[in-house]
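S.K.: Residue numbers (my numbering), protein chains in the order written: chain A, 1 to 265; chain B, 1 to 790; chain C, 1 to 154.
Just so you know, the hints here were simulated from the structure itself, not pulled from any lab data. A couple of the hints might just be wrong.
Here are the computed lysine to aspartate or glutamate pairs in the EDC-like style, where the Cα-Cα straight-line distance is at most 16 Å [claimed, not checked]:
| hint | chain 1 | residue 1 | chain 2 | residue 2 |
| --- | --- | --- | --- | --- |
| 1 | A | K139 | A | E158 |
| 2 | B | K152 | B | E699 |
| 3 | A | K39 | B | D285 |
| 4 | B | K593 | B | E618 |
| 5 | B | K559 | B | D648 |
| 6 | B | K16 | C | E93 |
| 7 | B | K126 | A | E158 |
| 8 | B | K16 | C | E76 |
| 9 | C | K115 | C | E152 |
| 10 | B | K655 | C | D124 |
| 11 | C | K55 | A | E77 |
Quantities reported herein were computed from a predicted structural model and do not represent experimental measurements.
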Amino acid sequence: MENFNYHRPATVNAAVALLKKSKGGSYMAGGHTLLPTMKQGLASPTDIIDLTAIKGFSGITVGKSAVVIKAGTTHMEVATSAAVKKAIPALAELAGKIGGVHVRHKGTIGGSIANSDPAADYPSACLGLGATIVTNKRKIPADAFFTGMFQTALKDGEIITEVSFPIPKKSSHQKFPNPASRYSLVGVFIAQGSDGKVRVAVTGAGPKVYRVPEMEAALSKNFAVSALAGISAKAKGLNSDMHATAEYRAHLIGVLARRAVEAAK
Amino acid sequence: MSDTGIGARVLRKEDKRFITGKGQYTDDINLKDQTYAYFVRSPHAHATIKSINTAKAKKMPGVVDIFTSKEVEEDKIGGLICGWMIHSKDGSGMKAGPHPILASGKVRFVGDQVAVVIAETREQAKAAAQAVVVSYGVLPHNVDAAQAMKTKAQVHDVASDNRVYNWSIGDEAATDAAFKTAAHVTKIDLINNRLIPNAMETRAAIGSYDTGSDHYTLYTTSQNPHVARLVISAFHGLAPEHKLRVIAPDVGGGFGSKIFIYGEEVTCVWASKRIGGRPVKWTADRSEAFLSDAHGRDHVSHAELAMDASGKIVGLKVHTIASMGAYLSTFSSCVPTYLYATLLSGQYKIPNIYAEVDAVYTNTAPVDAYRGAGRPEATYLLERIVETAARELKIDPAEFRRRNFITVFPHQTPVIFMYDAGDYGAALDKALEMSDYKNFPARKAASAKNGKLRGVGFSAYIEACGIAPSAAVGSLGAGVGLWESAEVRVNAVGTVEVLTGSHSHGQGHETTFAQLVSERLGVDINNVAIVHGDTDKVQMGMGTYGSRSGAVGMTAVSKALDKIEAKAKRVAAAVMEASTDDIDFKDGTFTVKGTDTKMAFGEVALASYVGHKFNSSEIEIGLKETSFHDPSNFVFPAGVHICEVEVDQDTGLTKIASYTAVDDFGTIINPMIVEGQVQGGVAQGIGQALLEGAHYDRESGQLLTGSYMDYNMPKAANMPHIENFKLGFTFTKCPSNPLGMKGCGEAGAIAAPPAVINAITHALGVRDIAMPATPLTVWNAMQPMKRAAE
Amino acid sequence: MPAISMKVNGKAVCGDVENRTLLVDFIRTNLGLTGTHVGCDTSQCGACVVHIDGKAVKSCTTFAVACEGADVTTIEGIAKNGKLHPMQQAFHENHGLQCGFCTPGMIMASIDIVKRNGKKVSEDVIRRELSQNICRCTGYHNIVAAVQSAAEKM
């Protein structure tokens, strides 16, 4: 691993300034994506700007219509939050399925979302719940945030500060993990909004998290497993690797979508 | 039985250091002034080395030196050897290509080591390794065993068709004749998937050369340090044995992969002298371990089983292609031959067997013994074809097996082995009862209600372990004898040190060997120390593999204890002024028969060193005895394992619903430790069946399963719940060693794969499914059925 | 090189490290506490698990500099006054280890599981939460039994 300059700023503004000053710096929260890639020699930032000392960078607020989670909140904090469990149980469950315990103690929601790993879990909750990603500069709707594989709408230096999840009527997250890595081979997040509109988000299957309009339309009319009859996900364009072919992934999307509708609460 | 003797569930003496973080594994050891090695490895599956430019790398910070095959050849360091000569059917010897410790002229698999960088820190060595410029001329490659004899990619000049040998066993004509009389023939094609051992401690070495005494020391992760010393002395020509000390300290698992002598370890020893005597330390990254540890299995087989009209087996024919990888590793050649085809009779009376094995080179990591080594491949083939035959004949698989079991012992199979003792029906009965086989239909119906397909699979395995005797293995081509040594030193205060050539890397010898001593001498188990893993302390030994430490290693201890007892009786007799014949020894006390004159063991030990009370010209002073034990036969543990699976029809995910293992290991020293061996072995077998498989990309020759991201290790949630994992034992005494022991280390890994796969094929109603039966594989297998149903 | 200070096993320690130095290397090399092991290079095996501020984390996926001021506990620090921690005792009594290499990480992870889930932690939860601690020897059977047994005593 290449060496780097290490910074631990106390404010978001200081963090932004440090990144700007660096040659090729990187923010780091839990470090559970960045560090393994650095160990493999796939990333060599000149500077690491550790965000964990920023005051007020973590915490959960549950309001009437939204759950707001600060960017530095760990997966474990979300998974075990009584307030999140009550407001959006599927979100707490999702957080409790990320990585393993040791990862959940360190990994953060902001880090996960900013990385936009095509097999990560949080992006499906953002898209499935229609979340708003708040940065130091602006508010970005989830639909506009995940732009590609490991790519987001974040501009250079922009920092996610919090994520606001509208509280749905009901929702569910279903995950079929990669047998080896435990990332999502396929993950499906389904939510019925307070307006009755349904969103279906899929992770792990394609180059980035995406929505399934046919399923959304059918479930918006009738939120029941039977509404999904006859709708099958297309294999074309889906990922294919030794763990799952595109056909198998397409099949799993259907299975998990049905399970999600059944389990939604 | 004393509470610390044979058969007692004694908690392990070695645990304390491991649970408190005080274990001393090779990487925990640091020598003064040590340097660090990092290897430059081939990114290509097959290529010529046109040039290696180390100039820039040598100038990098901290670099001490960089070596390639040029320096290896300058110093005339011999290549790695394969210690078991196999002859082909036509009488020609196996075709062993050169295997230098650093690749010379050519690389033959992704990960082949090309150069070594020695630097002040590990990071510096790694950074400089990346700066070594190697120019390659890429050659066509082949990673697939089945294609090896057809491909243009010739791995070694000595083997134009990539064939190492074409070996056979059994009577072909008689077997063909038996097939002509058969009422039914079952045929099957199978792949035994390639596995990567993955001991949790990666390989590591510290080579150290003392310029003052011209003496070398190697600390290394070895299952058999004496064999390492012998090979490094005799074949690499580095140092004569008296100038080389090999220490295998705490070793974090082996499973076969740490039996072998690898280039990296030899390089550390050699490089230490080359750089002027500073120690050279190397610890493999896990990524390097995936690429460079010897892999296991990788067979492609076709088999045919012939039955008469009554469902009795009359013949078995097998053809196997076994990948050896790119080089012949230390014991690789014997694995798909004498450790494999000799077991093809299984637990059955099969009058005629013929097997032919083509061992082939491929552009992959070398393949060698991995937990079970040949015996899992034999058991998988036989138990899959037997189960398939039973289904074709519509005979209950338990009944079909029972009908063909060997019931009279000793039994000579047509493939070398003489089975000495066993009761296969007893194990089957017990397994059927423990697994509640008769109520399987009710459980299947319950599963079906939840949308799950339930299946049950059997595996009746036998293994030949305690690998020995020397003369027998010698006649089959082994380059070493397979005996074991022990030295028992009784101290003057009556405490005991046992020096053994066996090596413990998780097996618990410090406890079980002490139990034997406690039983025999009546001494407290805490007054017994087991010394192993250091060639300066233990004179010679063959190490631990092939489930041989009990049957061979402990028998050597037992024989040394016989001598201790005999000597101590003479001392006791002299001190108590009685005839040696009149001395009884029981529970640690020497008694003059028919009197109450007695001496405790400790008193006799003291007397034997004080030497005043007997004539030292008649009885030598001291109490120390040695034994080299060469067994008279292999030992034959056997058992029946029954697995039930539940398959999720929606996803293809298979869960082990229950697992029952009934094993006959003969005498058991410590049931707790033996159960642990079975549980761990079964986990590895379940891993092979459901989770694990080394996958080389045909196009690029790259190892796609090169980390835990893609190579699926068994985890806690893959194993059955505690109440659904049942272990039982049956007992027949092994007649070939005084303790009656058979060996337990590999049974689980041997038995489990066919039990699991038979259960899945039963659940799905299909003839075959490939290992590992991942959700994708199972889902694919279900598609034709679904289409048929629709 | 930056100087760092933290508390390890209750004792104040300090040392000079590079920014890229991983916590596990600081623990093993600078402090000589070699009970914490490295079993992989992709942050997946769990052999390196220690507690930072009471939580189980992978010391191979944490920079030492990021632990300035932290309270770190390793396998060497859980026995108190010569008395084994109930989890250590339970691993011993249930034969929850063979080669011992994964054991330190396994014990540290298991303590964290019981701390969060309580005495009545279910077998399913134990198995699921041990998913990032790999053992090649035991088949996990006796490890799970050890955690259950320790849970009642912790």
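S.K.: For each hint, tell me whether it holds in the structure or not.
M.R.: Hints and how they fare:
At roughly 11 Å between alpha-carbon atoms, A/K139 and A/E158 fall within 16 Å of each other, so this suggested pair holds. With a C-alpha separation of about 14 Å, the suggested pairing of B/K152 with B/E699 holds against the 16 Å cut-off. Restraint check: the Cα-Cα separation between A/K39 and B/D285 comes to about 11 Å, which is no more than 16 Å; the hinted pair holds. Proximity of B/K593 to B/E618 is assessed by CA-CA distance (about 23 Å); at most 16 Å being required, the pair is judged violated.
For the proposed pair B/K559 and B/D648, the alpha carbon gap of about 54 Å is over 16 Å, so the pair is violated. As the CA atoms of B/K16 and C/E93 are separated by approximately 11 Å, the hinted pair is consistent with the 16 Å bound. Proposed proximity of B/K126 and A/E158 is contradicted: the alpha carbons are some 34 Å apart, above 16 Å. Under the criterion of a C-alpha separation no larger than 16 Å, the hint pairing B/K16 with C/E76 is consistent with the structure, at around 12 Å.
Distance restraint check for C/K115 and C/E152: the Cα-Cα separation of roughly 11 Å lies within the 16 Å cut-off, and the hinted pair is therefore satisfied. Straight-line distance between C-alpha atoms of B/K655 and C/D124 comes to about 13 Å, which keeps the hinted pair within the 16 Å bound. Note on C/K55 and A/E77: the hinted pairing holds, with a Cα-Cα distance of about 12 Å set against a maximum of 16 Å.
Of the hints listed earlier, those the structure fails to meet are numbers 4, 5, 7, in rising order.
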